[in-house]
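> Here are the chains, one letter per residue:
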Amino acid sequence: MHMPHDFDASTALLEQVNHALNNALPLRIQGGNSKAFLGRKVEGEVIDSRAHRGIVSYDPTELVITARAGTPLAELQAALDEAGQMLSCESPSFAGGATVGGMVATGLSGPRRPWSGSVRDMVLGTRLITGHGKHLRFGGEVMKNVAGYDLSRLLVGSFGCLGLLTEVSLKVLPKPRQCLSLRLPMDAESALRKLAEWGQQPLPLSAASHDGRALHLRLEGGEGSVAAARERLGGELLDPTYWQQLNEQRLAFFADPRPLWRLSLPNNTPLLALPGEQLIDWGGAQRWLKSTAEAAQIRRIASAAGGHASCFSAGVCDSPFQPLSAPLLRYHRQLKTQLDPQGIFNAGRMYAEV
Amino acid sequence: MSILYDERIDGPLPAVDKPALLAALREQLPDLDVLHTQEDLKPYECDGLSAYTATPMLVVLPERIEQVERLLKLCYQRGVPVVARGAGTGLSGGALPLEQGILLVMARFNKILEVNPAGRFARVQPGVRNLAISQAAAPHELYYAPDPSSQIACSIGGNVAENAGGVHCLKYGLTVHNLLKVEVLTVEGERMTLGSDALDAPGFDLLALFTGSEGMLGIITEVTVKLLPKPQVAKVLLASFDSVEKAGRAVGAIIAAGIIPGGLEMMDNLAIRAVEDFIHAGYPVEAEAILLCELDGVEADVQDDCERVRAVLEEAGASEVRLARDEAERVRFWAGRKNAFPAVGRISPDYYCMDGTIPRRELPGVLRGIAELSAEYGLRVANVFHAGDGNMHPLILFDANQPGELERAEAVGGKILELCVKVGGSITGEHGVGREKINQMCSQFNSDELTLFHAVKAAFDPKGLLNPGKNIPTLHRCAEFGAMHVHHGQLPFPDLERF
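Which chain is which? The protein sequence lines are C and L, in order.
The opening position of the first sequence corresponds to residue 11 in this note's numbering, with each subsequent residue numbered one higher.
The opening position of the second sequence corresponds to residue 12 in this note's numbering, with each subsequent residue numbered one higher.
Hints in this document: simulated from the structure, not taken from any laboratory.
Please note that a few of the clues may not be correct.
35 Å max Cα-Cα, derived DSBU-like pairs, lysine-lysine [as the list claims (entries may be wrong)]:
id : chain 1 : residue 1 : chain 2 : residue 2
1  : C       : K185      : L       : K182
2  : C       : K300      : L       : K192
3  : C       : K51       : L       : K468
Same shape as in the complex, but just chain C:
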């Protein structure tokens, strides 16, 4: 399993961080650069995690894999696949070079997220180079661990603003024995109504999306439950590559030249009148929007429904992530100041003030 290019570059990374700390140089953390379009632009010297790569340990019977941050996500997935296991959060790559570190830093999860959990839910432990120039370890390789504050899960989705992630331990799961995708033509309103009803029943759903014309479902589980659900739900068989195209944003919907917005909403939110074209994922809890409307208008609609909106197209608005309430922003800044006192890590990537 250990590839010839497995390499521990943590000493060099630590040196680069210490050099930056000593000279007050801001750093821009970069892995495969596949999600550079997300968040605000960062000024600074590039610190590249990709030399620090390789799977450190993987024992399928422990359901845990540990990999260095620069490990290509595809390499991690291949190792799991070989053992009949998977990362159930199904994080998108967006480009060939996506790394494990980038997956954790951006915290993006795929279609299975409402049923199997997010990247954050899979993270068990991390190693981190801090703004004090130390290489530290938090959490570990066990499922249950409540010693100290949960820094590992705090780092997920922090876009490198709290330190440089060097290693991560993730919970993995066996692949389902049976997997089947269905297409049920119906309008979006009916689809959301059906999903709210099915959500309260023990159905083996693992993905649900509506593309404007039909409800797309994925069933995963044992042979018996999948066959029974197929019988009950009806519809026609769907080419399962739909889910990958949705996850990697390669469906025709995403080719629309208007800016792309992501709305994260309570799962029982009815169909929203949005200014543009929309596509429903996560059984209704995530809605993609192609729109030229103002950020404020989109966010007003998302907030009113109990959710939030982020812009997935670079350079469209100065605050791609939904602005924080005053107390939340204050504690974000205090946390940033405590963990990265000199502000060298990805300053301003999430919010101008953090």
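With the hints as your guide, set chain L onto chain C.
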């Protein structure tokens, strides 16, 4: 080293003038219930870790969030330490009071505010009992998954503060995996929302950070939990083994077969005998170890999985495999496991429950290590184990009336936790550090890691008023603790001043 707050090594506490504080509370919060006499304070001197007690200066029992808000503002201005407490069932002394502080009891916030079946969530006050949530959701065929064994009594606020677990964590996760949103009050008495009604929220994941933070970062005032559809069926297999090693290997083999059981529990012979005497669960008292494997889900899948697991268990050398014939037998099999602690309580005047986690493959070696410690210190140890997720609960049997036995039990407990850390595990899987395991934190984390924890604390509570002395030890405490545990002739934290 005493477990009680020691200003010499845990850091100075602000001096609080009790009569002046009481007068200020009565003036500014005239309708707040405040307990201040010795006999009224007595019932609050400990939580579920009853071996350790401290009388709080004052106990307050608010009924409205506005009271908590004003109380925190007052305490922040006057520099008064505040220890939050829910139902007081915690096993690590996380709600152990401070003699120089207020004990803030949240138990009266016991209303279920909303059960939303279409949204699959429940919004509740922090004093609502864990089981009450599932009971309220039951008419909709939904439930709240985390089920610590204290679920009849423990409150959801405490569950969030400790990131409570239970016997179904491998499949359904810990508290942190089953939350949507938590409303908190900061140390300054400001309202803040962590998480959201959606599956994520903008900014840093402060919901994850606060979960398990043991009341050190803020006070929880409302919790929104996820509800899941109840599994259609659940079946339990009981397998007997003539060695603990075989049972341990069987656990790995079940996982390797691609099966994630709803629950997977192991008990050793001493625990089996104690339980059988007490509950008559039908356990095989001659077995060296038993495994309880629960499979839940859709009927057809559960049938298939039962056959698969049975084959795996037989292949792994089980001397007997029994499928609970009906619901009554299934409940009886579980009653044995869920009553393991009180059952052990019947065969010993006192017992001390540990909570370490280990990678599962390390189980045989760790059990051997525990047996050696048991022999060395002359104290029996019964083992119950959440085998699916690597969480061990060794129960150390002792008699507090025999001079020196409590200290010996603590010593064995400490060594077991250090053994867990040595094999790559953790000193606590679900009970929390609290005050109980404050010294063992020095084994699991180095001084730089502890310093970062203190930095996190400083971001939310710079004056250190929320639950002082819990969860994260001072470096001075670790230096003192290290001085008692010199490894290979080298002191940990050599650069620190020693007292």
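> The structure should be examined with respect to each hint, and the outcome stated for every one.
Hints and how they fare:
{"no.": "1", "hint": "C:K185 - L:K182", "in the structure": "14 Å, holds"}
{"no.": "2", "hint": "C:K300 - L:K192", "in the structure": "28 Å, holds"}
{"no.": "3", "hint": "C:K51 - L:K468", "in the structure": "30 Å, holds"}
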